[in-house]
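Asks: Sequence:
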Amino acid sequence: MAHKYPGTFISLEGPDGAGKTTQVRLLAAKLDAAAIPYVLTRDPGGTPLGKQIRHILLKPGHPVAPMTELLLYQADRAQNLAEVILPGLQAGKLVICDRYVDSSLAYQGYGRDLDLPLIQQLNAMSTGGLKPELTLLFDIESEKAMGRKHQGGHDRMENEDLSFHRKVREGYLTLAKEEPTRWRTIDASKALHTVQEEMCKIIGDHMAAKKLVFI
1 MAHKYPGTFI SLEGPDGAGK TTQVRLLAAK LDAAAIPYVL TRDPGGTPLG
51 KQIRHILLKP GHPVAPMTEL LLYQADRAQN LAEVILPGLQ AGKLVICDRY
101 VDSSLAYQGY GRDLDLPLIQ QLNAMSTGGL KPELTLLFDI ESEKAMGRKH
151 QGGHDRMENE DLSFHRKVRE GYLTLAKEEP TRWRTIDASK ALHTVQEEMC
201 KIIGDHMAAK KLVFI
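Using the working numbering, you'd call the opening residue of the sequence shown number 1 and step up by one each time.
It cannot be assumed that every hint is accurate.
Below, a list of computed lysine to aspartate or glutamate pairs in the EDC-like style, where the Cα atoms sit at most 16 Å apart [unchecked claim]:
1. LYS201 / ASP187
2. LYS167 / ASP139
3. LYS144 / GLU160
4. LYS177 / ASP139
5. LYS4 / GLU133
6. LYS190 / ASP113
7. LYS59 / ASP155
8. LYS30 / GLU143
9. LYS59 / GLU160
10. LYS131 / GLU179
11. LYS211 / GLU133
12. LYS167 / GLU141
13. LYS144 / ASP113
14. LYS190 / GLU143
15. LYS144 / GLU133
16. LYS190 / GLU141
17. LYS93 / GLU160
18. LYS144 / GLU158
19. LYS167 / GLU143
20. LYS144 / ASP187
21. LYS51 / GLU133
22. LYS93 / GLU133
23. LYS167 / ASP113
24. LYS167 / ASP115
25. LYS93 / GLU83
26. LYS30 / GLU197
27. LYS131 / GLU170
28. LYS59 / GLU158
29. LYS210 / GLU133
30. LYS51 / GLU83
Please keep in mind that the hints were generated in silico from the structure rather than gathered at the bench. From a predicted model like this one, the values you see are computed outputs, not experimental measurements.
Given the sequences, and given the hints that come with them, work out the whole structure.
Replies: Structure representation (structure tokens):
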């Protein structure tokens, strides 16, 4: 649904290894420098409860059944919405979420082969139907993404095999094609500064269309 709050809601999505989280940090630094009020959160792990759920979900070597995985993500999302996202939007702030409902469709739906209509129903329940106005997809070929080094080692999802990550990527590309007015795709294989510039331009254009100040 189109939200009724004064704030702006943007999500950032992409397969593991796309550099999305690095871009989120760079964006936050720019917003801080420009003194623009914003809320930065992540899915999972945007709340104290969510951090505990994130640890369970991503800890390597601890198997989690696909349905359990899906429901834990939904529990995290419901708490994040109530505690972080909605208050930010109600306060008129720019809310940026590092992953959101589309991650469940890409990872548990396309990646784990769980029922997509069921995931859509659970997404709607955990968020009250709240969708971002704009979703940026950081896209990269799975082979390139898996070849990138990760500080601190790989988590449980990153440790999945190449075929899983290929299905996740294809899922994201399908979602972007199905909802082109909301999604913008960025080639994440390009240089870091090039990706950053493109991200900021897309967000800046969206904010300008709402007559809001951006960096």
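Asks: The structure should be examined with respect to each hint, and the outcome stated for every one.
Replies: Hints, verified against the model:
1. LYS201 / ASP187: holds, 14 Å
2. LYS167 / ASP139: holds, 13 Å
3. LYS144 / GLU160: holds, 15 Å
4. LYS177 / ASP139: Satisfied, since the Cα-Cα distance of roughly 13 Å is no more than 16 Å.
5. LYS4 / GLU133: holds, 11 Å
6. LYS190 / ASP113: violated, 30 Å
7. LYS59 / ASP155: holds, 6 Å
8. LYS30 / GLU143: Roughly 31 Å separates the two Cα atoms, so the pair is violated.
9. LYS59 / GLU160: holds, 13 Å
10. LYS131 / GLU179: Since the Cα atoms of LYS131 and GLU179 sit roughly 12 Å apart, the hinted pair holds (cutoff 16 Å).
11. LYS211 / GLU133: Within the cut-off at roughly 15 Å; holds.
12. LYS167 / GLU141: holds, 11 Å
13. LYS144 / ASP113: Roughly 23 Å separates the two Cα atoms, so the pair is violated.
14. LYS190 / GLU143: Given that 16 Å is the threshold and the Cα spacing comes to 15 Å, the pair holds.
15. LYS144 / GLU133: violated, 29 Å
16. LYS190 / GLU141: holds, 12 Å
17. LYS93 / GLU160: Violated: LYS93 and GLU160 sit about 36 Å apart, past 16 Å.
18. LYS144 / GLU158: Judged against 16 Å, a Cα distance of about 13 Å means the pair holds.
19. LYS167 / GLU143: holds, 12 Å
20. LYS144 / ASP187: Distance of about 12 Å is within 16 Å: holds.
21. LYS51 / GLU133: At roughly 25 Å apart (the allowed maximum being 16 Å), GLU133 and LYS51 break the hint.
22. LYS93 / GLU133: holds, 13 Å
23. LYS167 / ASP113: holds, 9 Å
24. LYS167 / ASP115: This hinted pair holds, its Cα atoms lying about 14 Å apart.
25. LYS93 / GLU83: Distance of about 14 Å is within 16 Å: holds.
26. LYS30 / GLU197: Holds, at roughly 11 Å.
27. LYS131 / GLU170: violated, 21 Å
28. LYS59 / GLU158: Cα-Cα ~10 Å, so holds.
29. LYS210 / GLU133: Distance of about 11 Å is within 16 Å: holds.
30. LYS51 / GLU83: holds, 13 Å
Going through the hint list in order, the structure does not satisfy hints 6, 8, 13, 15, 17, 21 and 27.
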